[in-house]
Amino acid sequence: IYILNNLQLQRNLRDRLNATCEKGKYASEQTPGKIRSVITSFKSDFPTFPVSVGDFVLQKITEDIVGNWAETERKKKIKEAQIQGIEPPPKRKNITPPNPKLKKM
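Every letter in the sequence shown is one number past the one before it in UniProt numbering, and letter 38, counting from 1, is 38.
No lab work stands behind these hints, which were simulated from the structure alone.
Accuracy of the hints is not assured; some may be wrong.
[As the list claims (entries may be wrong)] Label-pair distances were calculated between CB atoms; the ranges are:
hint, residue 1, residue 2, range
1, 26, 49, 35 to 41 Å
2, 90, 47, 39 to 45 Å
3, 90, 7, 31 to 37 Å
4, 34, 90, 37 to 43 Å
Even for Gly, the Cβ is constructed at its ideal location relative to N, Cα and C.
Turn these sequences into a full structure, and let the hints steer you where they fit.
See below:
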């Protein structure tokens, strides 16, 4: 019963993300606050969901779901490019800027 309940909760979270987030974008590329609002509404609707420090569990599940969507979209684009005989889209670049506080030695 616990596993079935867990799957239903995860499906509910996925449906909420599907209605809110943009497919093809990783969690870090989503509009700020969208994922947080999904987690907040999920927690208010399911208060019995186990609480974790800083909603770590929900954040990780959310990042995995959104990341899987982005990877699926990327693979679809590559496959379409191969079928059409054109150059595939570029690989994902590092979106984190370098830290200016770090000094080169």
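Hints versus structure:
1. Between residue 26 and residue 49 the Cβ separation comes to about 24 Å, which falls outside the hinted range of 35 to 41 Å.
2. With their beta carbons about 44 Å apart, residue 90 and residue 47 fall inside the hinted range of 39 to 45 Å.
3. In this structure the hint that residue 90 and residue 7 lie 31 to 37 Å apart at CB holds, the actual value being about 36 Å.
4. For residue 34 and residue 90, the Cβ-Cβ distance of about 25 Å falls outside the hinted range of 37 to 43 Å, so the restraint is violated.
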